[in-house]
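Asks: So you can see what is in the structure, the chains are spelled out below.
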Amino acid sequence: MAKISLIVNGNPVTANVDPRTLLVQFLREHLRLTGTHVGCDTSQCGACVVHVDGKAVKSCTTLAVMADGHEVTTIEGLAADGAPLHPMQEAFRENHGLQCGFCTPGMIMTAVDLVKRKGHDLSDATIREELEGNLCRCTGYQNIVLSIAAGAKAMANSDRA
Amino acid sequence: MYEFKYHRPATVRQAANLLIKNEDAKVIAGGHTLLPVMKQRLAAPPHLVDLSHVEGLDGIEMKGRSLVIGATAKHADVANSPIVGEAIPALAELASLIGDPAVRHKGTIGGSLANNDPTADYPAAVMALGATIVTNKRKLKPEEFFQGLFTTALEPDEIIVKVQFPLPKKAAYVKFRNQASRYALVGVFVARRPSDVAVAVTGAGSEGVFRVTAFEEALKARFNAKSLDGIHVPHDGLNSDLHGSAEYRAHLIGVLAKRAVDAANGKA
Chain A
1 MAKISLIVNG NPVTANVDPR TLLVQFLREH LRLTGTHVGC DTSQCGACVV HVDGKAVKSC
61 TTLAVMADGH EVTTIEGLAA DGAPLHPMQE AFRENHGLQC GFCTPGMIMT AVDLVKRKGH
121 DLSDATIREE LEGNLCRCTG YQNIVLSIAA GAKAMANSDR A
Chain B
1 MYEFKYHRPA TVRQAANLLI KNEDAKVIAG GHTLLPVMKQ RLAAPPHLVD LSHVEGLDGI
61 EMKGRSLVIG ATAKHADVAN SPIVGEAIPA LAELASLIGD PAVRHKGTIG GSLANNDPTA
121 DYPAAVMALG ATIVTNKRKL KPEEFFQGLF TTALEPDEII VKVQFPLPKK AAYVKFRNQA
181 SRYALVGVFV ARRPSDVAVA VTGAGSEGVF RVTAFEEALK ARFNAKSLDG IHVPHDGLNS
241 DLHGSAEYRA HLIGVLAKRA VDAANGKA
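So the sequence lines, in the order shown, correspond to chains A and B.
Per the working numbering, residue 1 is the first one in the first sequence, and the count goes up by one each step.
Per the working numbering, residue 1 is the first one in the second sequence, and the count goes up by one each step.
Because the hints were derived from the structure by calculation, they are not lab data.
It cannot be assumed that every hint is accurate.
Some but not every residue of chain A turned toward chain B, in silico, with C-beta under 7 Å [what the hints assert, rightly or not]: (1) A2; (2) S5; (3) V17; (4) V49; (5) G54; (6) V57; (7) K58; (8) D124; (9) R128; (10) R137.
The model shown is predicted, which means the values in this text are computed figures rather than measured ones.
Positions of the beta carbon are idealized from the N, C-alpha and C atoms, including for glycine.
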């Protein structure tokens with residue numbers, strides 16, 4: 001077992017884990033943060049995307065021990081329970097950017113990372129290119145692209161990154 | 001994934017000692033090749049030695065006339081580095097084409113080279129630019145380092161520390177991606193170096209990255225895409241699979257090499 005200490009959604013967490021525990025397993029099964037999904041489990045679909053030190057990573061391809069000492073943000077960390085949604089979440093709701101919802105947490109975490117890196121005025125081509133690591137089997141992506149463009153703009157007028 | 005013991009050395013020397021002490025130990029950095037392979041139980045190392053806490057191993061800097069990239073520099077760091085963009089823009093472009101944004105936040109140049117996947121991108125750049133791979137023990141030229149499919153000259157306790165790229169006069173990388181995996185079906189890196197030209201191909205060779213000397217000689221005489229007219233790459237020794245036949249890959253090498261020469265000459 002290995003002892004790890006990290007910050008998850010702003011809260012300090014300490015735990016003993018088997019070193020082979022994946023970050024996504026740790027989040028879902030130890031911390032019960034089940035918003036982060038396991039889709040393909042082969043680092044292709046992006047349903048498991050979370051932020052580690054502010055950068056989007058695939059938590060199915062990261063060991064929990066590798067997150068020791070780092071700061072992790074999951075979809076649950078974007079907006080507190082009962083508080084208004086994060087502008088990117090709100091944009092997905094407004095623009096019908098989801099159908100079954102399975103890929104949505106990863107899409108939104110990838111989108112927030114994208115806005116941090118490329119700014120608030122995103123072309124369709126940029127969004128599509130940047131979504132190459134996130135798969136959606138329902139929507140055909142059209143409304144996801146619309147949602148991200150709208151969410152990026154909304155984030156410019158919000159104090160929430 | 002099978003059980004393993006996890007080690008987190010603070011220095012390269014400690015990491016090397018752990019590799020000596022623990023038989024079949026594996027080095028992990030970004031983990032974006034090793035972890036998927038371990039999850040499939042195709043690899044079951046009893047020990048993992050994590051390099052991500054070794055300080056000073058991910059730097060990117062100019063040293064004299066060489067661009068020096070630390071082994072644990074991530075693909076995103078190389079793609080976005082103004083130093084790389086200034087010194088060898090083709091290398092920044094290559095890094096920006098690996099995987100997807102989340103993968104580029106984790107995967108490292110040292111990991112890519114040590115794995116020597118026959119469809120990986122970095123081996124083509126290292127081969128064409130004539131880079132030097134610096135380990136904790138010695139310096140290796142690409143021709144010594146790459147030894148075929150997933151095989152390198154690295155000894156069990158040898159760790160890549162950095163890669164030194166001499167600056168080319170011009171260079172470009174053109175990749176034809178497998179649409180599903182984003183790996184190179186064929187990738188061609190062309191470098192016009194101070195005294196010669198090098199053309200390195202990834203994705204196509206059954207023994208991994210290789211150079212096309214017929215192209216190099218033609219381009220040395222005149223660095224223009226037209227110089228490659230009529231020169232065909234033999235398809236012996238090229239990969240043939242459901243994504244493309246050896247003949248198709250041989251054809252792509254010619255097409256991509258011309259595009260790379262045009263790109264290096266500033267003709268998009």
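Asks: Each of the hints needs a verdict: does it hold here or not?
Replies: Against the structure, the hints:
1. At its closest, the beta carbon of A/A2 sits 6 Å from a beta carbon of chain B; the interface hint therefore holds under the 7 Å criterion.
2. For the restraint placing A/S5 at the interface with chain B, the shortest Cβ-Cβ distance is roughly 13 Å, beyond the 7 Å limit, so the hint is violated.
3. Residue-level restraint check for A/V17 is violated (minimum Cβ-Cβ distance to chain B is 10 Å; threshold 7 Å).
4. Interface hint at A/V49: satisfied, since its Cβ lies 6 Å from the closest Cβ of chain B, which is below the 7 Å cut-off.
5. For the restraint placing A/G54 at the interface with chain B, the shortest Cβ-Cβ distance is roughly 10 Å, beyond the 7 Å limit, so the hint is violated.
6. Interface restraint check: A/V57 against chain B, minimum CB-CB distance 5 Å, threshold 7 Å, status holds.
7. For A/K58, the shortest C-beta to C-beta distance to chain B is roughly 5 Å, which falls under 7 Å, so the interface hint holds.
8. Interface restraint check: A/D124 against chain B, minimum CB-CB distance 17 Å, threshold 7 Å, status violated.
9. The interface hint given for A/R128 is broken, as the beta carbon of that residue sits about 12 Å from the closest beta carbon of chain B, more than 7 Å.
10. Hint on A/R137 is violated. Least Cβ distance to chain B is approximately 14 Å, over the 7 Å limit.
Checked against the numbered hints given earlier, this structure breaks hints 2, 3, 5, 8, 9, 10; the rest are met.
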